[in-house]
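Asker: Quick mapping for you: the protein sequence lines, in order, are chains A and Y. For reference, each letter of the first sequence is one residue, going 1 to 1123 in the working numbering. For reference, each letter of the second sequence is one residue, going 1124 to 1609 in the working numbering.
Keep in mind that the hints are not guaranteed to be accurate.
[To be verified] Result set (BS3-like, lysine-lysine): computed pairs, CA atoms no more than 27 Å apart in a straight line:
id : chain 1 : residue 1 : chain 2 : residue 2
1  : Y       : 1330      : A       : 106
2  : Y       : 1338      : A       : 106
3  : A       : 889       : A       : 852
4  : Y       : 1393      : A       : 62
5  : A       : 402       : A       : 499
6  : A       : 105       : A       : 386
7  : Y       : 1440      : A       : 23
8  : Y       : 1157      : Y       : 1330
[Unchecked claim] Stretch-level coverage of chain Y by chain A, calculated; a stretch enters the list once three of its residues show a Cβ under 8 Å from a Cβ in chain A:
id : stretch
9  : 1180-1191
10 : 1235-1246
11 : 1277-1284
12 : 1368-1374
13 : 1432-1440
14 : 1445-1454
15 : 1500-1506
Keep in mind that the hints were calculated from the coordinates and are not lab data. Beta carbons are placed, not taken as given, at the ideal position from N, Cα and C, and that holds for glycine.
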Amino acid sequence: MSYIFRLHNKGAETITDWGSSQKYGSAVIEEIQDPNGETSKKEITSIPSPFARIDLVKTAFKKVAEQGVEGKTINHKMVSDALDVAQIFFEYEKFKDKIDIIVWKKDNCINELLNSPFDSHKQLGDVFDTYIKQDGAVYNFDKADRIYILNYKEGPGEINILGATSPATLFFSPANDLTYCKFGSGTDVFFDDDYRPLYRRDEDFQLFLYSLRKSTTGFATLFPEVEKYMVESMKLMSPSTKSKINAMTASDYVNNYNSIAVNNNAGNAIFILNDMEYRTRRPNTAKIGDVSGFVIMSDTTIDGKKPLVLPVDTYTLNTIYAQEGCPWNSNTKVPYYNSTPAKERVLPDDGTKYPYLTISDFLTDTIVRMPYEIDNVNYYDGNIDKPEGYSYLLPLTDTFFKFFTVDDLKSRTMSDGKKMLELLNNVAGVTVVLRIPIRRNYIEYRRTYFLRGVTVDETKTTNNGVISDNKIGLGIIPFVKFPENVDKHYRVAFYDKTKTNNVRLVFMDDDIVSSKDVVSCKKDTELNLCSHETYVVEDNFDRIKVEVSDSVKGYIIPRFKQAESKQGVYTFAVDYGTTNTHIEYCTDDSKTPKMFEIKEDEVQLRKLHKRYTDPDINAGFIEDFIPDSIGNKDFSFPMRTVFAPNVSINLDTNPVALADGRIPFLYEKRFIPKWNKVKTEMKWGGVPDGLLKLHIETIFILLRNKVVLNNGSLPDTKIVWFYPASMTEDKVIKFKGFWNEAYNKYFGPNTANVISISESVAPYCHFIKTENAKQETVTIDVGGGTTDVLVVQDAEPRMLMSFRYASNAIFGDSYNSNPRQNGFVNTYLNSFENIMNTNNLLELTQSLNQIKDSNKSSDIITFLFSLQGEKVKNNDELNFLKKLQKDDKMRYVFIIFYSSIIYFIAKTMKAKGLRKPITVAFSGNGARTLSILSIDTTMISRYIKLIFDTVYGNNDGTIEVKMESNPKIATCKGGIQCVYGKDTEKLKTYDDVDDIKEIVVGDNLENNIDRQLRYGDISEELRNNVVDTVENFFAFLFEMHSDNKDFLTTKLGADGAIYSKVQEFCLGSEGKQILKDSMSKGFKKKLEEVNNEKDKQLEDTLFFYPLVGLLHDLALKISNKMQ
Amino acid sequence: MAKLYVIGIGGTGSRVLKSLTMLMAAGVKVEDEKQRPYEIVPVIIDPDHAAADLTRTVKLMEDYTKVYNSIDHNSSNNNIFFGTKINMDILSEVRLPLENTLDVDFKDYIGMSYMRDADNLPNANFALVSTLFSQKNLDAKMEVGFKGNPNIGSVVLNQFALTKDWTDLVASFGQDDRIFVISSIFGGTGASGFPLLLKKIRSVDEKLPGCKNIKDSIIGAITVLPYFDVKPAEESEIDSSTFMSKTKAALSYYDRNMNEANIIYYIGDKQKKQYENSEGGATQQNGAHFIELAAALAIVDFARQSNLETNNGNPSKTYYKEFGIRNEVDEILFDNLDNYTNLTIEKPLVMFTMFCKYMDEQMTDSVNKQPWSKDLKYDTNFVRNHFYGVLLKDIKESYMQWLNEMAENCRAFTPFDLRVKKNDVFSLIKGVVPAKVWSLDSNYALFDSYLNKKQSKVSHNSSKENMFLELFYTAINDLVKDKFRL
């Protein structure tokens, strides 16, 4: 046996010298032992052809098919890389943003080289030409006119070739390190060190390649190595895949796959060989929604697809990403922010265009921090770990709420019980944890918002957010969610002390809820004033978006109580008086009237925060809205009838109650902010009707909220209101209109529930029911503007009277006077101011100063009356009523006032043939001053009986005077008792009342007292007669005094020292002139009030017109030290 | 005389050409089957400008040619030392020139930066080049060959096809001329030049004069497979651990793509010596190896083949040959070679070795003393002149070095005991006991006596140089017949 110089062990063993042998074909080559076991990872470069790479890949397929498709050799790498290239082409649609396809056209490109001015190009062209011709048949160069080259646009170089079509092996890759290419399919990162054989790739891709094979005639001849590889791969694939392949027909390829539109040119498909097209996956993104574990757990879709929610941090839970069998690769980088609209987005590393969402789609870049502790009972606090101190607007985006509801946010929990949102305070700021439920588990997003050192744009790259500090106050009235069938009326109090810009609120439910923003006080950003705003919202909402700026936004989520409209019927009685307003109410359970209150569990205005340390915001809620509670030492009914519209109010533009105006609860207590224009004397035409309506509506809102908060029935609510009998019918109708309108708006269309009762009748009901009054009763309701009188005999209302002669006749400015000419103001104001100063009642002083500005004595006096109890620290020195009770001189004014009323009633009764009453009941706020006559009620009774007896000329019977300790409430209580009692049913309508109403002309009080006169009938002579009648009264009064042991001074304690001067003043020429002047001024004013309609029937007696002037001047006289 | 174009590609090509030259110097003839001699046209394709192998070989062939030209080649001469013509006139240099490979990397060489479209963006050719060639390929400097990247070589070497020398070569090609291509499969230059060369020949530009002859020529080729290793070096592009995988890949390529040759000789050896790692240049000077000698013998064999045929550029059949010896030994002696091999080389090598040893060991002692020297005036002047003092001496030095290198290599070809043994001159051939010659003289005295005996018989009509070689050849011829029965 000879020794042959060869590396293999095959073939003839007997060769000597140069002897015949055989070609080194594959069998021989196979026999050559490679000491490195074919595991060398170095790229092989020894093919002597410019197309070496194509050849190497061809060899690699063969080797791998022979050695087993799994392996770590360079050949396995080349096959794996070639398959990666094939897969990129197959998934072209997915990856086309990342790649260009460059087409190398054989003839054109070689000619270009051959004709180039550069020798080097000519040479290369010549080589290409030589090899393509010589090796054409081996590599199918003769069957392919083009090579399609993949350029990765995001690679490091000018161009970054990932691979190309190969006419020999379908595809091949260059011998470069392509690990910069970080994308792939599923968990398979292309071109990495994990060589992935075909059978372990995406099943769709496998099926596609086998389909291509099936459709290509002579595939095995054209691509013998690939054929072999595919046969081997098939042995390892799953039976189900195999059976799908076996079921394929040749036409499936064209039917199931799309042509690749090279670089978006539809006519430009890819051909491996001239008659062998390489196609691409037919986009089936719906499948992603079916298989992905990252599908959002929400019914909302984007473009009909359920988006994926992708993790931005390491996510290791085994979860299918976009394709079946391909779990999430924890190396996949999802951007924190993506400016592309979700529906246009391309899945990271997968390349499919399919909507997905990332952290910045849900969390804002800036969180708004407020230096107040949130009221987390009533507002959702985002599960903040440390609620004390600062609170935050929820840094959620609109997108979040497209997918999840407020209820989801508040109560949905993750599979492990964790909450959807958490706010975790830390030294640097606050970390927000948001958990978005996905099909498989949930995605946890974390973003830390920093106090400093971070700019807004950084969110996009570092995920760090910014904290923006803002002073914002907010409250919602009422704090309920209305039932669907009920009209919704919300007022949202909003205070914005942001330095730079104006903050806006947007109310949201499923969509944006329309709202109206009424700004009471505009913010001056320079001076850093606080803006006072009211948002009027007339629909339910479940969240408020706070737009701090165009880019900074956040949400507030109230935890509304769900209101239920139940059957509970509320009845309210509103005594809308000239000076004071009182409200009583009752419920089904108890018909007993109770004073209107807002209890602790009925808080109508719920503030976002527990306490506002900012004084502007803190005060704003009461200045502009309503106190937390009413019915306590600070705020309780009866209250001053006062209204505060915005300075800027325009009544022509449909102003809104509790937005364009409000009840200034702080009136007479504190300075009222200057943007509120306080209005008193609302009742008698002192203000435009629009304001009156707003005031009534504001009251209605309070009532409505109480009903709603207590689950009462809005449409069944009854509202009782009162009118003085002296009010003309047209005026009553106008008022009725206001009340009905307001009812319609806030309670419902059933305005039969709005009940109007005469101010004269109501107190009677009360006294009958609760004060045990006798059935022979006269009730006298003394208000600020009118006195209403009802005479009942034999339990029947017999006579009703009403006249504009009440509290203001004593304390007011007569006709056209002013506080400087007011005796009470003169006497008391200075000393009260001094006492207030001495006692450091600064707020009250400010309040008084403001009231003084109104230039109305009645307002000043009312203020003085309000100074009692806690408000003045129980300082009796400031108790005006007590002061007056001790003022013996001024007592004459009150004596004349009450005497004239009783005298007038007694005279009229006598003229009408009515018997003397057994009970005389006083009500009304004005009646408080009755005690000035005497603090002893018996003495008052005696005095009243004395007048009745003197008029009637006998002293039969007894008269008992009755009075509520708080006389204002009798009307309201009576009103309610009227509604639920039978006694006075027929007196409820104006007509009923009108039937028994007596208009005593006043020119005499003896006979023919109630002639039907019109204003045009009132002559000067008649007016002079009235003055005479008043003089007769004075004569009567002083005579009665003298006849009864100087009753006024001895029994009632009036200062005897000035008795004669008073008498002289009243009966003398000075008095006469005053009476005359007052008569004509009063009458003139009345004419103005009735618009000079002379045909109009006389509304009330003329008897008191002269007395108004006289009382005013008498008081002034007394204050000027009547000697 | 028909020409045999021996095209040596890369380092291996040069070394085989050297072995061929040594054999021809020793008298091995390159003849056709009818014993008509070929003149050898050496062509070297190697961009490795400074390669020591190349330089040595060219110098040797130049010396050889000078010697050849100094002697008569008519039939009256017996001498066959330097008996075959080496034609170095067709090409301006022996090398096919490869230019622009100094200090140039591949991407610049192919003008990649100019492959741009109207918008100055990389065009399709740029992209294709980026796909076919790795970045390492593109950045490779080429002055030292292709560092085992024959795909680069296939492009760069193509340059020769665009040169005047190539045109001249094609034009010079006669109808009966043949081509023999030497290349190694595992390196850079050889591996890439070989397929390229064959493809260029078979698809020769039909506009070139004489293209028909070369296109249809008979082509033989030897593919030298690995027979040595290179010491691993961290930064070297040459890594012999990949020699085998490269070889196999290239063989596969040949298997599929090479059908241009009429006959292919394969040789390689499993027992391999490790050389110093050299990427080329002056340091790339590997010791001569028996494989190269065997490869040179393939040329001799090829010349004798008669049944080869090419039609329209396609060989009608491709033959394959391998080289065998009688048995596997680490140190090859003549005894181990096949008879046929010995028939070709034993006697010439023995004779030329004896000639060289005489020149080395005895000439100085015999000049001006021995009758053959005195009578023929081969005096001190002669041994100092250019012919002897430079040419023969240089060739002798090279030859002895060649033998020594082969003897020291692994596997060793060590048929001679080359030690200076003036008392035992004829124990030269290992394993051969010289026969007793009936003479009073021995050793170099015996040698001289043969020379003296022959001096009168040498024709005195020729040049002194011719006579000198004729004298020695005939004397040694008798001597080896008597002493070694050769």
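Asker: Hint by hint, note whether the structure agrees.
Answerer: Right, here's what the structure says about each hint:
Our distance criterion of 27 Å between C-alpha atoms is met by residue 1330(Y) and residue 106(A), whose separation comes to about 23 Å. Annotation: proposed proximity of residue 1338(Y) to residue 106(A) holds, straight-line Cα distance about 26 Å (limit 27 Å). With a CA separation close to 25 Å, the supplied pair residue 889(A) and residue 852(A) stays within the 27 Å bound. Among the hinted pairs, residue 1393(Y) with residue 62(A) is consistent with the structure: their alpha-carbon atoms are about 25 Å apart, no more than 27 Å.
Taking the CA atoms of residue 402(A) and residue 499(A), the gap is about 31 Å. The hint is violated against a cut of 27 Å. Taking the CA atoms of residue 105(A) and residue 386(A), the gap is near 69 Å; set against the 27 Å cutoff, the hint is violated. Under the criterion of a C-alpha separation no larger than 27 Å, the hint pairing residue 1440(Y) with residue 23(A) is consistent with the structure, at around 11 Å. Annotation: proposed proximity of residue 1157(Y) to residue 1330(Y) is violated, straight-line Cα distance about 34 Å (limit 27 Å).
Check on the stretch 1180-1191 of chain Y: 0 of its residues sit with their Cβ under 8 Å from a Cβ of chain A, so the three-residue criterion for coverage is violated. Look at the stretch 1235-1246 of chain Y against chain A: 4 of its residues bring a Cβ nearer than 8 Å to a Cβ of that chain, three or more, so the hint holds. Against chain A, the stretch 1277-1284 of chain Y contributes 5 residues with a C-beta closer than 8 Å to a partner C-beta. That satisfies the three-residue criterion, and the hint holds. Only residues whose beta carbon comes within less than 8 Å of a beta carbon in chain A count, and the stretch 1368-1374 of chain Y has 7; three or more means the coverage holds.
Taking a C-beta to C-beta cut-off of 8 Å, the stretch 1432-1440 of chain Y contributes 0 residues in contact with chain A, too few for the three needed, and the coverage statement is violated. Under a criterion of three residues with beta carbons nearer than 8 Å to beta carbons of chain A, the stated coverage of the stretch 1445-1454 of chain Y is upheld, 8 such residues being counted. Here's how the stretch 1500-1506 of chain Y fares: 0 of its residues keep a CB closer than 8 Å to some CB of chain A, so the rule of at least three is not met and the hint is violated.
In summary, the numbered hints that this structure violates are 5, 6, 8, 9, 13 and 15.
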